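Asks: The numbering of the sequence shown is the working numbering, which starts it at 1 and goes up by one.
Derived by calculation from the structure, the hints in this document are not laboratory data. Note that the structure is predicted; figures quoted are calculated from it, not measured. A portion of the hints provided could be inaccurate.
Pairs of lysine to aspartate or glutamate residues, derived as EDC-like cross-links and limited to a Cα-Cα distance of at most 20 Å, are as follows [to be verified]:
id	residue 1	residue 2
1	Lys248	Glu4
2	Lys214	Glu189
3	Lys199	Asp215
Ranges of calculated distance between the beta carbons of each label pair, as one might list FRET restraints [unchecked claim]:
id	residue 1	residue 2	range
4	Gly190	Ala15	35 to 45 Å
5	Ala145	Gln36	52 to 62 Å
6	Pro295	Ala145	24 to 34 Å
7	Glu189	Lys8	46 to 56 Å
Ideal Cβ positions, reconstructed from N, Cα and C, are used throughout, including at glycine.
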Amino acid sequence: MSQEVRSKLVRGMGAFAAVLVVMLVVGTFADYQVAQAVYAPHNPLVVVVSTLGLVPMAYPGCLLLGVLAQRSLASRKAPALRVAGAVLCAALALLFGALVTRALLSVLEGFGGITGTELPTAARMGVGAVVGAGLCAVGFGAGKANDARDLARNVLAVIIALAATYVLVEVVKVLMSRSRPRVVLAGYEGIGFSPWYRKFSGASELMAAHDLGKDAFKSFPSGHSLQAAAFLTSFYGLSLVYPSLQGKLGAALVAEVVCALAVMACRMILGAHFLSDVSVGALISVAAFLCLMVPQKEPAQRAASASR
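Using the sequences plus the hints, can you model the full thing?
Replies: In structure tokens form, the structure reads like this:
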């Protein structure tokens with residue numbers, strides 16, 4: 001990637017980050033009011049768009065794991081380590097494909113019976129595993145065809161960025177235990193509005209008292225928004241594997257903003273998240289991408305630095 005393209009992407013994502021910060025500030029002072037104004041949970045299109053927000057991180061990630069599996073087998077490490085690395089990558093691809101495809105099929109079945117029949121959870125997971133395996137295989141083949149010297153290192157950096165942000169969001173959700181807008185607006189006794197920066201106490205007791213699932217207290221930050229806003233990070237990873245895509249990174253930046261904002265709006269309409277939740281979720285992905293854009297030292301530069 002040229003320095004000019006890198007600079008444009010950084011400026012574009014920096015501007016998007018500024019918009020998200022403004023949204024977070026608005027949410028900090030008007031989260032409850034905004035949630036009340038937009039809450040309309042029974043729109044099938046909104047549900048579908050919301051669920052599609054899982055795709056930008058998961059499916060490209062399956063393909064990138066296939067590339068990493070190929071590079072692991074082709075490395076000079078001990079045979080056992082090479083095979084273990086490839087198997088781990090393939091297993092993760094199957095898992096991610098299974099989880100996301102299960103969610104997508106559930107939505108399609110729930111609105112209009114698009115799949116024709118309701119599939120058992122195991123069947124949905126099986127279909128997803130096949131999808132993940134297929135994407136992994138495509139990535140494996142692409143890895144063979146790409147002779148870039150630093151492909152494994154750069155793809156691994158993208159995968160780490162995607163995985164680390166996902167884990168971070170899941171951990172923060174558990175730590176903060178913020179109740180979702182739909183739960184707050186339902187008026188359950190003892191479950192009131194709490195700001196995003198304040199940990200909610202007593203979630204376990206309230207879940208038991210009102211027969212609510214654990215998902216009811218995982219509002220902050222938004223995982224769907226995080227994954228939708230990972231569009232450009234994933235596309236950048238794909239451009240490492242398919243260099244012809246590098247000329248489309250500008251269009252991918254536009255798609256990133258449109259995709260993220262659409263999913264963020266849908267999550268709020270469904271009462272799944274407050275404005276601050278979706279803003280922080282997207283911000284985490286944007287920050288991860290900006291970290292990936294930090295110029296890396298070339299091998300000659302690293303050797304020169306080490307010799308000083």
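Asks: Evaluate each hint against the coordinates.
Replies: The hints, checked one at a time:
no., hint, in the structure
1, Lys248 x Glu4, "holds (14 Å)"
2, Lys214 x Glu189, "holds (17 Å)"
3, Lys199 x Asp215, "holds (16 Å)"
4, Gly190 x Ala15: 35 to 45 Å, "holds (42 Å)"
5, Ala145 x Gln36: 52 to 62 Å, "holds (53 Å)"
6, Pro295 x Ala145: 24 to 34 Å, "holds (27 Å)"
7, Glu189 x Lys8: 46 to 56 Å, "holds (52 Å)"
When the structure is compared with the earlier hints, no violation turns up for any of them.
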